[in-house]
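Residue numbers (the numbering used here), protein chains in the order written: chain A, 59 to 671; chain B, 152 to 329.
One or more hints might be untrue.
[To be verified] The following label-pair restraints were derived from C-beta to C-beta distances:
| id | chain 1 | residue 1 | chain 2 | residue 2 | range |
| --- | --- | --- | --- | --- | --- |
| 1 | A | V527 | B | N313 | 50 to 56 angstroms |
| 2 | B | L230 | A | I648 | 43 to 49 angstroms |
| 3 | A | V562 | B | G250 | 31 to 37 angstroms |
[To be verified] Straight-line distance between alpha carbons at most 25 angstroms, and here's what the computed DSS-like set of lysine-lysine pairs gives:
| id | chain 1 | residue 1 | chain 2 | residue 2 |
| --- | --- | --- | --- | --- |
| 4 | A | K374 | A | K240 |
| 5 | B | K210 | A | K357 |
| 6 | B | K259 | A | K664 |
| 7 | A | K202 | A | K217 |
| 8 | A | K357 | B | K275 |
| 9 | B | K259 | A | K646 |
| 10 | A | K525 | B | K210 |
| 11 | A | K616 | A | K637 |
[Unchecked claim] Sample of chain B residues at the chain A side, in silico, Cβ under 7 angstroms:
| id | residue |
| --- | --- |
| 12 | Q177 |
| 13 | E178 |
| 14 | L184 |
| 15 | Y225 |
| 16 | A226 |
| 17 | L227 |
| 18 | L230 |
| 19 | Q231 |
| 20 | P232 |
| 21 | H247 |
| 22 | K259 |
| 23 | N305 |
Simulated from the structure, these hints should not be mistaken for laboratory data. Computed from a predicted structure; not experimentally measured. The beta carbon of each residue, even a glycine, is placed where N, CA and C say it ideally should be.
Spelled out from the first residue to the last, the chains are:
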Amino acid sequence: MPYRTNVLVCAGTGCVSGNSFGVAQTLENEIRKLGLDQEVQVIRTGCQGFCAEGPIVIVQPDGIFYCGVQQKDAVYIAQEHLLKGRPVRKLLYSPPAEKKPIPALKDIPFFAKQRLVVLRNRGAIDPERIDDYIAVDGYAALVKALTEMTPEQILGEIKKSGLRGRGGGGFPTGIKWETCRKAAVSRAVDPVVVCNADEGDPGAFMDRSIIESDPHSVVEGMIIGARAIGAKEGFVYIRHEYPIARERLKKALDQAREYGLLGENIFGTMMNFDIEIVQGAGAFVCGESTALMASLEGKVGEPRAKYIHTVEYGYKNRPTNLNNVETWANVPLIINRGAEWFTSMGSGDVSENPWGGSSGTKVFSLVGKVKNTGLIEVPMGIPLREIVFDIGGGIPEGRSFKAVQTGGPSGGCLPESALDMPVDFDSLTEAGSMMGSGGMIVMDDQTCMVDVARYFIAFLTEESCGKCVPCREGLRSSLDALNRITQGTGKPDDIGLLREIGEVMQDCCLCALGTSAANPVLSTIQYFKDEYEAHINKGVCPAGVCTALIEYQIDPEKCDGCHACVHGCSTNAIIGNVKQVHFIDKEKCIKCGACVEACKRNGILKVPRSHAA
Amino acid sequence: MKQTHGQARLPIEDQDFVDGVIARYQERPGRLLSILEALQEHHPRKFLPIEVLDYVAAKAGIPTAQIYSVATFYALFNLQPQGENTICICRGTACHTRGSRNLLERLKLELGLRAGEEEGGADKISVTTPDGKFTLRTVACFGQCALAPVVEVNHSILGHVNEQALQREIEALEGRRK
Ligand SMILES: Cc1cc2nc3c(=O)[nH]c(=O)nc-3n(C[C@H](O)[C@H](O)[C@H](O)COP(=O)(O)O)c2cc1C
Ligand code: FES
Ligand code: FES
């Protein structure tokens, strides 16, 4: 590369919302003004994963990491760092509660324990330039797969790697591909490959980030898959909330077509294959395979019973192979570096059969009440504790850890005692949760677990398609019970009722949305039953979250009558003259907590309802 | 009931537009979704009037019932006119644990929309103020969870939002109108 220095500016959605495009523009202007434009270039990269600290700028080759960069700061970076070689101290990252900044990316704890495989190119290349991808060995696996390998050999390699689906189910990818190929051959119908980029799990953004930072890796994986399965047609089903990801994918497809990597006679071989983007329309259940196929056909996304497999009869009744974004992105690496390299990472043993363990890495979105929120990639089998405390930096504001929720809305909540468990498909399932697509939401002691269960059940009640009775009615009744409990009118046998409904749903629902929908309730009852009992028997919400069970009081010792809370209150519930102790009219108070923030003297207390009676 | 009834109500220039959209997506996967999306995007108030649905049904040969079921199934489609400004609050898990419910409650109050009395029902909402100035809706997740809580105001994403910041946004939007 002719440039002495590369300035990598994050252009992922998170940083863009913090005006990173403005930062990049200013940097370019300054570089030109300083006459450095022959030596220094600005590269707009995909998401770096540390979105909470954005906008992020990295100066290579030294790997100096800047965070929270504003447009005016860009001028400094250019003048001080790029011209004079002096890193700008005030823009360096300091871990929370520490003063000493850490200049280099590789030393920052958030990055140090990660193992980047799928995300290897994140923030290192411009995702909108195919040449950048090719420069880092991109499409080399495709060349190999097309010119040196037969479809059977590709299938064999993927099977040997033990790769399991990253979208939720953990189904072995090689077996899925093989089944699809066989169905297509025996029925003599053209198969289809589909990439699931619906990413409906709230609290998760792995797939968005992969597409935004390295779209060609997904495209390359899909072409290799199409070769192995014998497909001529491919789709990416992407949710409409991801405009930047969609645009980048579209550009990637256009470039791939231009380079002859998609279309007819790819690389001069007999292979024809193209990919089309289809946009979702905001329905969680459409991430489910059969619902997704229905949606692809322009119908309502209602799942159907699973005894007819989509690998045999999927989109328009053709054999259809559906894989998640991250699954596809793993494929080129396995072909390039071999199954053995892949199985050297992970836990369990996949040499006999892929169900025996979890090979490779997994991308997680680590969010919630944790210091370092962001997107991480770790080897399978890493202890949960390392993720939450080493990479995540633990719980902010001096609070303590209560639970971590994995597996999306129908996953489960794991307590402190599970922290030393290895994170892989089977351990998580055994503990009553699941891997899901990779959302990891950390909760602190100010989180009410009954409220969390209620939250997920409310979400699933909305998103249930309503086709099968156990799901539709089971969720509704569970929500009723949880509402009672969080409002302080729970009945002693509500816990038993919730369990019973949950078990029926596990057995009887049509699709995995329903069969797993009770997980958040069952796992919170399993690990946090005392919180349920406190709500039901004592009318107390131990975490102080459920508004019906708490109230606000003004501490007469602390109130100096400054009136700040009166202005903060939108329902005029606070009464009192200036310089006199105020009090709260409970009839009017809606318990929004705005007064707590308004009070500068910490004079407003949240207390259990019973105490004040 | 007759579809010609719907057809008669749609102005000619709109009919031309719809015809063009239908032709564009003919034979494409998921065409009905794409058609409805294009039509909604084209409408100045970002919704699908019933006469448009009737017209599409007649023109594309898709039963009205199927179109209606699709339009009501997917959260993207609106059957009611949307406000001049759209504020969309994320109710995803990450945002929930970082206090997005308070933001929602606060905003409902601010805009004079029903205060939390339907608490307990599902949390998903899409409501427009009677003066048509604001639409308040919720979304399951923007995929910006590291910035939680996240609010989208007229299609730009705001991260780490608190009540004060939200209030300033609303005031700015109200100011702009005057
Ligand atoms: C309710 C529901 C929602 C789902 N949402 C997604 C999703 O958003 N993305 C995804 O990749 N898989 C999702 N899945 C899993 C898919 O059904 C399917 O298993 C997966 O896409 C297969 O790809 P994989 O084998 O590569 O994981 C969902 C499943 C269910 C039951
Ligand atoms: S968007 Fe910049 S770090 Fe994620
Ligand atoms: S949970 Fe709010 S953006 Fe994901």
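Here is how each hint holds up against the structure:
no.	hint	result
1	V527(A) - N313(B): 50 to 56 angstroms	violated, 42 angstroms
2	L230(B) - I648(A): 43 to 49 angstroms	violated, 30 angstroms
3	V562(A) - G250(B): 31 to 37 angstroms	holds, 34 angstroms
4	K374(A) - K240(A)	holds, 18 angstroms
5	K210(B) - K357(A)	holds, 17 angstroms
6	K259(B) - K664(A)	holds, 23 angstroms
7	K202(A) - K217(A)	holds, 17 angstroms
8	K357(A) - K275(B)	holds, 22 angstroms
9	K259(B) - K646(A)	holds, 16 angstroms
10	K525(A) - K210(B)	violated, 29 angstroms
11	K616(A) - K637(A)	holds, 12 angstroms
12	Q177	violated, 12 angstroms
13	E178	violated, 11 angstroms
14	L184	holds, 5 angstroms
15	Y225	holds, 4 angstroms
16	A226	holds, 3 angstroms
17	L227	holds, 4 angstroms
18	L230	violated, 14 angstroms
19	Q231	violated, 16 angstroms
20	P232	violated, 18 angstroms
21	H247	holds, 6 angstroms
22	K259	violated, 10 angstroms
23	N305	violated, 13 angstroms
The structure shown violates the earlier hints numbered 1, 2, 10, 12, 13, 18, 19, 20, 22 and 23.
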